Amino acid sequence: MTTATHSDSPERYALPLRILHWLMAAGFIFMWACGYAMTKLVPEDGAWEETLFALHISVGVTLVAFLAARFVIRLRTNHPEQPDDMPVVERKLAHVGHIMLYLVPALVLAAGWAEVDLGGHGVKWFGVAMPELFPASLLPGVAEPEELAEAAHVWLAYGMLALVVGHILAVVKHKVIDGHNLLPRISLKK
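Letter 179 of the sequence shown, counting from 1, is numbered 179 in full-length UniProt numbering, and no numbers are missing.
Some clues are possibly wrong.
[Said to hold, decoys possible] Just the calculated beta-carbon pair ranges, DEER-fashion:
| no. | residue 1 | residue 2 | range |
| --- | --- | --- | --- |
| 1 | H180 | G141 | 50 to 56 Å |
| 2 | A68 | L138 | 20 to 26 Å |
| 3 | V72 | I168 | 22 to 28 Å |
| 4 | N181 | W48 | 41 to 47 Å |
FYI, nobody ran anything at the bench for these hints, they're computed from the structure.
For clarity, every value in this text was computed on a predicted model and none was experimentally measured.
Cβ coordinates follow ideal geometry from the N, Cα and C atoms, glycine included.
Using the sequences and the accompanying hints, generate a full structural model.
Here's what the structure looks like:
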C-alpha cells in the first residue's frame, strides 16, 4: 500500500476514490432511471427507447471503466479505518458490504454487457464499437441466452439498489445512533 498524500489524511479516502464514488453514484442513479423509463414509460421499439438504450449502454461502459479504476486505486491507497468503538459484528458487516459494493455493480454491468452482446446489438460507447465479450458461442445449448442475461441484469440491478439503500441507511445509523459522522470520509468538500 502507498502512503496517503498531503491532501488525503487517514481520516478520508483518496481524492480519486471520492470523485469516482460520487460519479458512480450519479451514473447508477441515471442507469436506474433510464432502465425504468425504457421499460415502463416509453413505447417499445420507438425512437425514445432506442435513444435511452444507447445512453444506458454508453453510461454502463463508462461505469465499467470507473469501477475498474476505483478498484485499482482502492488497492493502492490507504483508507480510513472503522471507528474504534464499532462492534466487531458491525465491522465485519461493513467489510462485507464494501466488498459487495464492488462485486455487485461488476456483476450488473457484466450481465448488461452480456445481454447486449447476446442480443446481437453490439455494445457501443457513444457510437464507438466495443469488443464482443460475451459471444453466443460461450453458451452452447443454452436456449434464449439473451433473456437469461437480461433477467440476471434486472435482478442484479434490483439487488444493487437494495445494497445501496442499505449502505445509505448504515451511514445514517452511524450518524444518528452511534454519533459517528462517516460522510466526510467520502465527501468532496475539504
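Structure-based check of all given hints:
{"no.": "1", "hint": "H180 with G141: 50 to 56 Å", "in the structure": "holds, 52 Å"}
{"no.": "2", "hint": "A68 with L138: 20 to 26 Å", "in the structure": "holds, 21 Å"}
{"no.": "3", "hint": "V72 with I168: 22 to 28 Å", "in the structure": "holds, 25 Å"}
{"no.": "4", "hint": "N181 with W48: 41 to 47 Å", "in the structure": "holds, 42 Å"}
In terms of the numbered hints stated before, the structure departs from none.
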